[in-house]
Amino acid sequence: MIEAKHISKHFGDLKALDDVSFKLANDEIVCIVGPSGSGKSTLCRALNGLELIDEGTIIYDEKVIDFTKKEDAHYVHAKTGFVFQHFNLFAHLKVIDNLLMPYLENYKVNKADALEKAKAILEKVGVADKIDDYPNKLSGGQKQRVAIARSLMLEPKILLMDEPTSALDPEMVKEVLDVMKEIAQSGMTMLIVTHEMNFAKNIADRIVFMDEGKIVEENDPYHFFNEPKTERLKLFLSKMLY
Amino acid sequence: MDIGAILTLDNITYLAYGAAMSLAIALIAVIGGIVIGTFIAILKLSKSKLLKLIGNIYVEVVRGTPMLLQILFFYLGIPVLYQLLFSDNLRVNIYACGILAMALNSGAYCAELIRSGIEGIDKGQREAGLTLNLSEKTIMTKIILPQAIRRIIPPLVSEFITLIKDSSLLGTIGVMELLNRAKIIGTNYYNYLIPLLVASAFYLVMTLFISYLSRILERRLAVYDRS
Ligand SMILES: Nc1ncnc2c1ncn2[C@@H]1O[C@H](COP(=O)(O)OP(=O)(O)OP(=O)(O)O)[C@@H](O)[C@H]1O
Ligand SMILES: [Mg+2]
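Just so you know, the protein sequences line up as chains A and B, in that order. Residue numbers for the first sequence follow numbering that gives the first Met the number 0, so the first one is 0 and each next one is one higher. Residue numbers for the second sequence follow numbering that gives the first Met the number 0, so the first one is 0 and each next one is one higher.
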């Protein structure tokens, strides 16, 4: 379980996160939506220590996390996977080594078993035929599926995803969303920043709307879309769903 | 003008030895430069303001003064300093002196190449490493450096080529490198044109050949860049 209590993050004069409190329960799937620049990425990254917060507290399973401490950062990173908008596959490693290298650095296991495991996961996300290619030979959709496989390899309890389909050509969005849906159905705890409203509606237990560094409104998908309470969310929905 | 009288086997061999010497000097200097440059790059990339400052000062001082001055500083300046400090005469070896000056000079340029090579790696690579629970050391050795090295090698080869040409400055302190030998032949025969042309040919063969090797190496190293 992740909990953020009154966290703030400034970039110079800009308040990217303004006193945000947020909870992600075990097995819950939460989508974050909101206009560009509203702080969605910053929140997602702060929860994983990629941005250090200026104020507030981040708690994982009752443990208060100080990301400047190595052991705290490792505690979180051992539990969580992170999927980036721009994939961030290791450019100099083949697909298979993108999965194996981090895995073998984290676990002292024999390489043959690791290879079996990596192949099985790549099979599951549908890129088994690409294991010996370098990332730049793959399409965007394939890259993101490999990136997802790379995080799954470490068996995270929680998967954080920052706009995993936003950098993809439209025809590749579905193949990635399908993989995400499958992961969701397997019982993973997930936090997904997305612009895919229909996907959020179908998959989320709860949808969070952010604007100007704050969580403005959150609700289950039905109420979120059908009975928005704030003007800002109504305006946002009217722009997103036409 | 009797070209045949100048282009004897002896004279050509004499120049060829000079070319070999220039090449060897540049090679030792660039290796020294890479070692020094790595060290300076680490200073410049460190979090400590003081270490950064030391690295910056080193680079600026070296890049802001002529290489010939630096060579003369070691050859003529250091002995004076030694005399002042230890009241004793220091007999400097021109080769050691010249190569040291060139290596220290090259160190500043290599430092910049290495630093920008490392900083040029997309920050997403490091972030991915962090989220995959890798240590800073693993991120550096298994993700950043392998990618950075492939980018740094081509400009380091250019630096090597520059040093081959700059080694001609060591003639000033009496090192028997290629250009110095060409001038000696010129003096002997009252004809500088022919030995200078031959020296040019030697320089060109060396620099063009190394550029060619570098391009092959670059292609090899960039396997993963090709789509
Ligand atoms: N590293 C940074 N340095 C300076 N400003 C930043 C940095 N990262 C984010 N910001 C700013 O903080 C604000 C929130 O950014 P954030 O990336 O969290 O928005 P977002 O909701 O993810 O937007 P998008 O939908 O465009 O991805 C923006 O105004 C952005 O310009
Ligand atoms: Mg974002």
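Hints are supplied without guarantee of correctness; some may be wrong.
[As the list claims (entries may be wrong)] Calculated cross-link-like contacts (lysine-lysine; reagent style DSSO-like; alpha-carbon spacing at most 27 angstroms):
| id | chain 1 | residue 1 | chain 2 | residue 2 |
| --- | --- | --- | --- | --- |
| 1 | B | Lys122 | A | Lys129 |
| 2 | A | Lys129 | B | Lys141 |
| 3 | B | Lys136 | A | Lys62 |
| 4 | A | Lys107 | B | Lys136 |
| 5 | B | Lys141 | A | Lys118 |
| 6 | A | Lys68 | B | Lys182 |
| 7 | A | Lys69 | B | Lys51 |
| 8 | B | Lys122 | A | Lys78 |
| 9 | A | Lys136 | A | Lys156 |
| 10 | B | Lys182 | A | Lys69 |
| 11 | A | Lys69 | B | Lys122 |
| 12 | B | Lys122 | A | Lys14 |
| 13 | B | Lys136 | A | Lys78 |
| 14 | B | Lys141 | A | Lys68 |
| 15 | A | Lys156 | B | Lys141 |
| 16 | A | Lys173 | A | Lys129 |
| 17 | A | Lys110 | B | Lys141 |
| 18 | B | Lys141 | A | Lys107 |
| 19 | A | Lys68 | B | Lys164 |
| 20 | A | Lys93 | B | Lys48 |
| 21 | B | Lys46 | A | Lys68 |
| 22 | A | Lys14 | B | Lys46 |
| 23 | B | Lys46 | A | Lys69 |
| 24 | A | Lys69 | B | Lys164 |
| 25 | B | Lys141 | A | Lys78 |
| 26 | A | Lys116 | B | Lys136 |
| 27 | B | Lys136 | A | Lys110 |
| 28 | B | Lys48 | A | Lys69 |
[Stated by the list, open to error] Computed Cβ-Cβ distance ranges for the label pairs, DEER-style:
| id | chain 1 | residue 1 | chain 2 | residue 2 | range |
| --- | --- | --- | --- | --- | --- |
| 29 | A | Gly55 | B | Asn55 | 28 to 38 angstroms |
| 30 | B | Leu216 | A | Asp219 | 54 to 64 angstroms |
| 31 | A | Ile58 | B | Asp121 | 24 to 34 angstroms |
| 32 | B | Ser134 | A | Asn135 | 49 to 59 angstroms |
| 33 | A | Ser20 | B | Lys48 | 43 to 53 angstroms |
| 34 | A | Asn135 | B | Leu216 | 17 to 27 angstroms |
| 35 | A | Asp132 | B | Glu118 | 26 to 36 angstroms |
| 36 | B | Tyr211 | A | Lys62 | 54 to 64 angstroms |
| 37 | B | Thr37 | A | Lys136 | 28 to 38 angstroms |
| 38 | B | Leu216 | A | Leu51 | 51 to 61 angstroms |
| 39 | A | Lys136 | B | Lys136 | 26 to 36 angstroms |
Note that these hints are calculated values from the structure, not bench results. Because the structure is a prediction, the values reported are computed rather than measured. Positions of the beta carbon are idealized from the N, C-alpha and C atoms, including for glycine.
May I ask which of the numbered hints given earlier this structure violates, with the numbers listed in increasing order?
Violated: hints 6, 9, 10, 19, 20, 24, 32, 33 and 38.
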